[in-house]
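S.K.: Chain B: place on chain A using the hints.
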Amino acid sequence: MAIVLLVLCAALAVRAEGFFTVENLLNVVRNVSMQGVIAFGMTMVIISGEIDLSVGSAVAFSGCLAAWVTGFLAGPAVGLPMPWAILAAVLASLGAGLAVGSFTGFLRVRFRVPTFITTLAWMTMLKGAAELITNGFPLMPFPAWYSFMGAGRLWGVPAPAIIFFATFVVIQVLMGYTSFGRAIYAVGGNAEAARLSGINVGRVKVLVMGLVAGLAAMSGLMLSSQIMQGTAGTAKGWELDVIAAVIIGGTSLMGGSGTVWGTLIGIVFMGVLANGMTLLNISEYWQHVVQGALILAAVLINVAPSRKR
Amino acid sequence: MDKQGNVVTAHGLQTVDLGKEYPGTVALDGVSVAFEGGQVHALIGKNGAGKSTLVKIFAGAVPPTRGRILVDGRDVVLRSPADAFAKGIATVYQELSLVPELTVAENILLGRLPRQAGLGGWIIDWPEVFARARAVLANLQVDLDVRRPAAELGVAEQQIVEIAKAMSFDPSVLMLDEPTSALAQAETSHLFALLRNLAARGVAILYITHRLQELRRIADTVTVLRDGRHVGTIAIADATPQRLVEMMFGEVVQKERPSDLEAGDRPVLEVRRLGRRGSFHDVSFTLRGGEILGIAGMLGSGRTELLRALFGADPYDTGEILIEGRPVRAASPERMKHLGVAFTPENRQAQALVQMLSTRANVCLASLDRIARRGFLTRARERTVVGRLVERLAILAPDIEQPVSSLSGGNQQKVVVAKWLNTDPRVILFDEPTRGIDVQAKQQIFQIMWDLGRQGISCLFVSSELEELLEVCHRILIMKKGTIVGEVRPEGVAVDELLARCMEV
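Here the protein sequences line up with chains A and B, keeping their order.
The first sequence begins at 1 in the working numbering and counts up by one.
The second sequence begins at 1001 in the working numbering and counts up by one.
Looking at chain A on its own, in the form it has when it is part of the complex (with noise of 0.2 Å):
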């Protein structure tokens, strides 16, 4: 899959005009940052076994969230100084998120209730508690330095990337460096044996579960500093773009296999794919059915040599 994305590349910096300037790059990379952040986390669900289609209700939630809390804290009714109130609604945002993720978690661990079935039902449920939490309006409480983390930039890398590549380091030392990490893949490969093994598989999937619903919430954020408001409309769709990251980049829909680089490849792909396009004045529309051709040639690639016996 590496070798297709130079191959795009090189093609792109040929045939497209701007594609190949330090600029155009950086821009991909900071657009992919949103959804690359919980596409790392999604790779870590995927293995484990399990599935979460809440993610885009996730991200829309924990921004509007975080705006309300904003409002309500700086607002006249409190009244606190504002990197309180900020900070305050960053960690109800992640909190939110982390919780949501552990209730899938204990759901499945203690019900048996499929993460297939109650991430559908909270992308729904999410969805409507961002927008009775907005009515329907965006929420504009922020302060200029807000943006920050969705536009600024550090020694000229925008922001968004320097959180995009500080998370894809933390995951893939996590899931290739810790026994927590060689934990899922076991329970994503044979949840019974790694039970027999002694391995706290409910553990495993509580956390896992947590964790990318943490990483949604913490995107959410980046988001509403990128477009300074929080908005219930937001991240439509999101779920399936990450997914489809995570099974281009290589990881099986059964779980117990893939790699964190293979997710990372994954979303830099479909930047690249998307914002050449773009360069070489493709409609949006003949970019959605590309994108879905892709995804399908991709899990063939990966499946056809393991199919020849």
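There's no promise every hint is true.
[To be verified] Label-pair restraints from in silico Cβ distances:
| hint | chain 1 | residue 1 | chain 2 | residue 2 | range |
| --- | --- | --- | --- | --- | --- |
| 1 | B | 1101 | A | 259 | 34 to 42 Å |
| 2 | B | 1384 | A | 3 | 32 to 40 Å |
| 3 | B | 1138 | A | 259 | 54 to 62 Å |
| 4 | B | 1394 | A | 289 | 53 to 61 Å |
| 5 | B | 1384 | A | 192 | 48 to 56 Å |
| 6 | A | 170 | B | 1330 | 28 to 36 Å |
| 7 | B | 1197 | A | 192 | 48 to 56 Å |
| 8 | A | 192 | B | 1396 | 20 to 28 Å |
| 9 | A | 166 | B | 1149 | 55 to 63 Å |
| 10 | A | 192 | B | 1190 | 29 to 37 Å |
| 11 | A | 114 | B | 1101 | 20 to 28 Å |
| 12 | A | 121 | B | 1149 | 42 to 50 Å |
| 13 | A | 293 | B | 1101 | 57 to 65 Å |
[Said to hold, decoys possible] If you want the ones that stay clear, here's a sample from chain A, every Cβ over 12 Å from chain B, calculated:
| hint | residue |
| --- | --- |
| 14 | 76 |
| 15 | 92 |
| 16 | 112 |
| 17 | 181 |
| 18 | 185 |
| 19 | 240 |
| 20 | 255 |
| 21 | 261 |
| 22 | 284 |
It should be emphasised that the hints constitute simulated quantities derived from the structure, not laboratory data.
For each residue, glycine too, the CB sits at the ideal point set by N, CA and C.
M.R.: Positioned in the frame of chain A, the structure of chain B alone reads:
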């Protein structure tokens, strides 16, 4: 045997110079053998001898790279499993392939359900389906309700349905792969009676097994494969255990029971009146340091359920478990592991190993927290640990990064043992550890158990093969219908006596 390949067998199955090569290996190297109709032929050989390749070729699943196959004296080319059935070779596999929700009749006539005349032949003729199925079963002198869903039948009955299905093709050759591995003793006798019946009608029965002690009861001839070659075919009268092992391995490998086996005095595991509704009740015993305690019993006596409860894999309702004198609260696999208990499940592939992960990952599976330093570990550290265990247990794994599914049954079992040894256990619960493993690998597992005993680690050994228990254990508990009914010492009892006590009403 006629080297020019002249037909020797007018009825039955014959091969002439049959070969199968894969890139890099020769699985079968010029096998010429004849299986006469009207007899039961046992096919034996250790893991990797070429037995399964030969079976796959006969079943039509894999084509040979050279050689001829003759059924009833005529050359045949087997293009697919369906083709093999059509040309007279019917196969019954170890993993039964019935469709659980369909009835016995539908399973027997799967894919060949008779249709009603007229209406374009679209509609199934149900009365005819049941009539034909009943006829097939009657032919085998078996009495089963053809309308029952296959899922409701016990393992032995399911196997009979599989055999009926195979026989309904009216084959010249019936091939059975490890048919008794899941059967209790009484059911085995029924099976053998059925097979002798079929043989008497002229069918050539090909019987693949690891259980050498069964051969006397059922086989007329024994064919041995080794390293892809046909070592020889002998009459059952000449097939002494020593002769067979010599043919299979080229040398006699069975070790004598060591004389320095002494169990300690200190009780390591105490079980008091343990019970689980529906599985077992009132189980009490003591396991001492360095002791190998066997549990003998028929299928369904509750041994696996007992072991699972002792490991915390399943809950129990009454009684208590004490480790080193302290009672266990809230047993779970994780808890029991920390208390020094290990468990090798009966179903190795589905429960003991994660097949898609590498050998290295599987060996580390139960001891991840031990290997890691403050939660972090590297492949290099894992490899060091795995390397030591692979050497200690003589595991044949050329590349530990390959999926563990690539290893033979015996080596997979050693991986399971290695996995638990790395948790520094006090007690290891073995549930049928030698199932599906060849004789040499079995001896190695026993050697490992004896070594563990010398190091003070206790073993609880559940097995359906009573000879094994007599060879390996210090003491043997007899379990029947969910509870312990007696205890014997190997020195004081013979196999048939032990069997009788396991079965007595």
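S.K.: Give a verdict on every hint.
M.R.: Do the hints match the structure? See the list:
1. 1101/B / 259/A: 34 to 42 Å: Hint holds: Cβ distance 39 Å, inside 34 to 42 Å.
2. 1384/B / 3/A: 32 to 40 Å: Given about 33 Å between the Cβ atoms, the range holds.
3. 1138/B / 259/A: 54 to 62 Å: Holds: the Cβ-Cβ distance is about 59 Å, inside 54 to 62 Å.
4. 1394/B / 289/A: 53 to 61 Å: holds (57 Å)
5. 1384/B / 192/A: 48 to 56 Å: Violated: the Cβ-Cβ distance is about 29 Å, outside 48 to 56 Å.
6. 170/A / 1330/B: 28 to 36 Å: With Cβ atoms ~34 Å apart, the hint holds.
7. 1197/B / 192/A: 48 to 56 Å: Violated: the Cβ-Cβ distance is about 40 Å, outside 48 to 56 Å.
8. 192/A / 1396/B: 20 to 28 Å: Taking Cβ atoms as reference, residue 192/A and residue 1396/B lie about 26 Å apart, which means the hint holds.
9. 166/A / 1149/B: 55 to 63 Å: Taking Cβ atoms as reference, residue 166/A and residue 1149/B lie about 56 Å apart, which means the hint holds.
10. 192/A / 1190/B: 29 to 37 Å: Holds - the Cβ-Cβ distance for residue 192/A and residue 1190/B, about 32 Å, lies within 29 to 37 Å.
11. 114/A / 1101/B: 20 to 28 Å: For residue 114/A and residue 1101/B the Cβ distance comes to about 22 Å; the hint holds.
12. 121/A / 1149/B: 42 to 50 Å: violated (35 Å)
13. 293/A / 1101/B: 57 to 65 Å: violated (38 Å)
14. 76: The assertion about residue 76/A holds, with a minimum of 47 Å to chain B.
15. 92: About 29 Å separates residue 92/A from the closest Cβ of chain B, which puts it past 12 Å; holds.
16. 112: holds (16 Å)
17. 181: It is violated; residue 181/A is separated from chain B by about 9 Å at its closest Cβ, not greater than 12 Å.
18. 185: Answer for residue 185/A: violated, closest chain B Cβ roughly 6 Å.
19. 240: holds (26 Å)
20. 255: Given that some Cβ of chain B is not farther than 12 Å from that of residue 255/A, nearest at about 9 Å, it is violated.
21. 261: holds (15 Å)
22. 284: Non-interface label stands for residue 284/A: nearest chain B Cβ at 39 Å, farther than 12 Å.
Hints 5, 7, 12, 13, 17, 18, 20, counting from the list given before, are not met by this structure.
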